[in-house]
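A.B. asks: Below are the chains, spelled out letter by letter.
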Amino acid sequence: MGLAKHQAVLQHLQELDGVVSPKGTHLPLLEPLQPLFGGDLPKGWVVSLAAQAGSANSSLALALAAATTAQGSWVVALGWPSLGLVAAHNLGVNLNRLVIADVSSSEETLLALDILVGSVELIMVNNLRLNGREHRHLTSRLRTRGTTLISVNTSWHTTPDITLWASTLSWEGLGNGHGHLRLRRVNIRSRGRRKASQERSVQVWLPGPEGKVESASSPVPVTSLRAI
Amino acid sequence: MLATALPTRTTVIWCSGLDHNEEVLETLGRYVAEIEVLSLGTFRFATIGPARYFGGEEAFLATLFTALVETPGVQTVRIGTADGLFSALVASSQPGSGSLVVPRGTSPKFLASQPIDWLASSGLVSTLKLLGIETLGDFTSLSLKDVVTRFGLEGQQAYQLASGQDEETIKPTLAPSDESVAVNFEVPVNQVEQVIFIVKSLAEELHEKLSKQFMQCALLSIQAETEYGETLSRQWRQSGLISSKVLSSQVRWQLEGWLSQPANKRPHGGITRLVLMPLELRPASHYQAQLWGEELFSPAHEAIKAFRRLSSLLEPASLKVPQWRGGRDFGRQISLVPLEHEDLTQPKAAPEQKPWPNQLPLPAPATVYGRKTVQAWVVDRQGDPVAVSGRGMLSAPPHLVRVEGQTPKTGWSEVQSWAGPWPLSERWWNYQNHRRYARFQLVTTDGVARLMVLENGHWWVEALYD
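Taken in order, these protein sequences are the chains called Z and W.
Residue 15 is where the first sequence starts when you use this note's numbering, and the numbers rise one by one after that.
Residue 2 is where the second sequence starts when you use this note's numbering, and the numbers rise one by one after that.
If we strip away everything but chain W, and leave its shape as in the complex, we get (with noise of 0.2 Å):
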């Protein structure tokens, strides 16, 4: 089920302090070729060819944090090396020297002794802390399957994590070149302030370029052409759901980046032409849970995070979803399904709108409650209870009806309008379960309407259009 390919040797930095992410990137651009922003301050890139160059992993290191340390504007630098970026993450994190390299082949010893608390699911962090797990090698002792059934895609991802097999599971494709989005400026830009509501429109219009198509960017490459015919480029790595908004912040930062550097670094000219390129595209349906970090970009996944987190907390099967079903009853068409089984981030089947043998005309009632759940009654003129023959042939018009909680005395309303019976016969080939019953919608002169089942002498209300 888990990939078993061995992610690739990655280095992740951070630095503090930082305003914008161009000093870094310039400094980090001596060493290597292909650097990858993942925010403000933090930055990836696959680590082999530089190491090599360098004599080793510890040695590149050693060289990039001086270089780094000098850079202006970096408070403190944190470096690390891993297999894959999450490894690469947590080994960034380190107490001590500053960087550390996790050598080859040893991540997933290395995490087994990392708190729990490094997997940002608080839900599912906070469940596990109560079952005694404290460590990522304690969860990794769990089987993948219990892990699965209990927490669903976001356990399974948990653990992918844990264990140290990272991220991508769906490799991004490579983006076709003309995906790209570009726009000229005809008086040459020399602060973001002048083009803030170009550079959004520009991003929504790739958003909605690659969302047409399902897809959304998984490496955007911003690339700025100045009056002078200087170019410049940068690749930001693009995690988690991907809206238009994260878009336009990361060109408006990247553009403040080569803007606001003194004179001596910054573009000659100003810009003149600015394009989003994507490289890599994964699709969209495919939600890439990233158990760090920038999935707390998209309040659809923060809400389902609240949802994870509270059904962890609460009775299980307390939260539900709806689910297409079919059948005659009201109460049974959508069925709810305990939210912890569902993949919420997948998008489900449209409900066949297919029409079923008697079922109740529209409209539907926007209250439905369970078979049998409230009482009813419901009497002729002389006062006598309503009631169907065998033949389904009604004894007399209901007059007045009364519902469960409203007193025998006071709480009779009268019948404005009514229509029924409408008999059903429900699994007529099932002896046992053989259930014989008949339908009436009765409004009364409250102005509340009804639908209410008599079954063996018994009125109930089985539904309210309210």
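Looking at chain Z on its own, in the form it has when it is part of the complex (with noise of 0.2 Å):
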């Protein structure tokens, strides 16, 4: 039947694609972020900003996207309607290779991650809300189809591979009645599973003078104090 000989050149392909398509294990990461997970950002993993005031979280998230935009890959925001296109521009996500997924509901939500895990490098989402056996069955299946997730406001039934924390430290150019914002100091850590599981911390203007990510101090690792 053509058709199934159709399914079988596609097959065929299929399979040799994934002998020849790029099978790199990390994405690129901006320099003064590589800190955080001693590197590049690796595919497949659960990347979780954690919600607490005063955050840096959306510019850290658009921050880590942006290497992997600017090489060409396709970064999706989903569910994250309010996503600053003006600061994502500025901290280098090439907006060429931004698409915003708006979802109104979990089933459009697991649509889509069921759509997109996989076929694009990269998903940024916010507001993520699933059950325990969703979250389970969408980190096995980002570990096994090498997508990695950054996820804002989002709390993981299963333990996130890293999770990062990012408070602002200072604002830098707003006065009592004059000024305007111009640099926030932001202190990160991250911790995670595994080979992340050293604490790390890191110190960069988010934004500096450019509107970009800079690093505010060489980096200090700090030691794991962990209960025996």
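No lab work stands behind these hints, which were simulated from the structure alone.
Just to be clear, a hint being listed does not mean it is correct.
To be verified - Computed list of chain W residues with no C-beta within reach of chain Z, every gap over 10 Å:
no., residue
1, His-21
2, Ser-181
3, Glu-257
4, Asn-265
5, Arg-310
6, Glu-316
7, Trp-325
8, Leu-337
9, Gly-448
What the hints assert, rightly or not - Here are the simulated DSBU-like pairs of lysine-lysine, each with C-alpha atoms no more than 30 Å apart in a straight line:
no., chain 1, residue 1, chain 2, residue 2
10, W, Lys-246, Z, Lys-57
11, Z, Lys-226, W, Lys-373
12, W, Lys-266, Z, Lys-226
Built from N, CA and C at the ideal position, the CB exists for glycine as well.
Take each chain as given, in its own frame, and dock them per the hints.
C.D. replies: Following this line, the structure appears as structure tokens:
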């Protein structure tokens, strides 16, 4: 049957695709953020940006995605209608490689993830509301298909591969009735599982004078304090 | 809009069971001068010359079929001849004898009865099926205009294939000869493993060389010389977006093909020189959507296919892409346009960074709410709402802020630093849409920085610097 044959052709080519498509293990990261991961951003990971007052989470999520879009890969912001696009541009995101996906229900969220995981290399997700089973299914699919997920405003039923805490230390430029916001000094801590179990931290300007993320100090590795 | 020239008479051959292409190519080489390799086990060539020699296409295919079936390593053979690559591919995959000739000029009719699934774009196909469209003929009975409106470039290309008008809408140009890259091996190569990295870097070199001229290879000749002066060469057709990895796999397969032949057939000596010579080029910016097959090679296109599929399943305009517009509001400097209207394969114009009047100073906020969507309350030390007079005078410095969703009892945060008001009068020429408002930046002691708007006595959070 023609159809079956066609499927066979496609399957054949897909197998070849598995052999020849770029299958690196990491996505690129802007240099100031590399200390948090001890290098580039591993594919297939769940990166959770912890919710806290005065966090720099949206800027951090964009800065984490910037280098991936700059190399020509598509990034999807899922459930993120209020994403600041000018900020995205200034932080280094290639807007020609960004798609904003609005979803109105958890069914749509699941549908979108189902189609996107494995097809795009990096997904940024805001306010992901899934149950435990769905979270487990998602994380295992991300791992096997090599898609990395950055989440904000999301509490995970599974343990994310790495969690980042981005706290605002100070804003520069704004006074008492004068000036305007110019620079923000942010402390970012990271701690994860397995290879990332050592806590790391870095101080950055987010944004710096050019609107980009810039290193504000040399990274200070923090010795992991774990209960024995 | 569509090319009207009749596509070339094309034969597609599909052989299963192969580890490499060499033996089949050798068999084909006895009948056909120029063969293009599409992938491992699939080949195509222009049919006219050889068919004339054998007394017609049917007779030619029968001869070819017998020869291929007897070729070592080949398990099954299917052959199709038709006008253009897509029709020939479909013809090669029909039930029955294993070979099929679609007479010249009848490809559209032949395709019309074929199932819509031949178009490998799953999103497009599933949407069409929902509309009750089962065959390529059903599809082409729609108007092209409607198809383009609904499915964009992808729809247009699918329509073009389904109506028997094939491929290369932009003809590849002949490559100037100096585009080739070459490498000499000091030790003659007898096994591919010896040179796998050299092959890879050679492919990258070629890819980079062409990319710099915004070109990509459409037809590649892989050539080798052995220590005894034998010369070998094969042509590989390149379709879709070609990465350097695709190129290097093709070269590797080809080398493997030459070197893994039985002793009486393989070259007498080891390979001492390898040349990659592009024979045809096409602009890299022109995205050649091959709706079957090799488009799968490109991750970027894989993503675009997923977007098309998803957008066909969600509400219209659920997926959006940014478009730069200018303007003073952070929410409006870049607008979002529905993804389904955009050709994602074409790079868009870079944003112009011209200063707009009254544009807020950088940095830009990373969260931008819609106008008047998040209400807020700002009071002074006396607990009175902070207001701005008609002359732009502030009633008192802001002291506490509360945002919608936080309780009036406990939800107040203290203002640490602030600036404003920056009065704005927008569209003063338009009485109806005229808007006067004042902007503030406020940072509260919990570290939250907000861009706030006071309009008609009401406070709103316009954006967050988060």
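A.B. asks: Indicate, hint by hint, whether the structure satisfies it.
C.D. replies: The hints, checked one at a time:
no.: 1; hint: His-21; in the structure: holds (13 Å)
no.: 2; hint: Ser-181; in the structure: holds (22 Å)
no.: 3; hint: Glu-257; in the structure: holds (13 Å)
no.: 4; hint: Asn-265; in the structure: holds (30 Å)
no.: 5; hint: Arg-310; in the structure: violated (6 Å)
no.: 6; hint: Glu-316; in the structure: violated (7 Å)
no.: 7; hint: Trp-325; in the structure: violated (7 Å)
no.: 8; hint: Leu-337; in the structure: violated (6 Å)
no.: 9; hint: Gly-448; in the structure: violated (2 Å)
no.: 10; hint: W:Lys-246 with Z:Lys-57; in the structure: holds (19 Å)
no.: 11; hint: Z:Lys-226 with W:Lys-373; in the structure: holds (29 Å)
no.: 12; hint: W:Lys-266 with Z:Lys-226; in the structure: violated (61 Å)
When the structure is compared with the earlier hints, violations turn up for hints 5, 6, 7, 8, 9, 12 and for no others.
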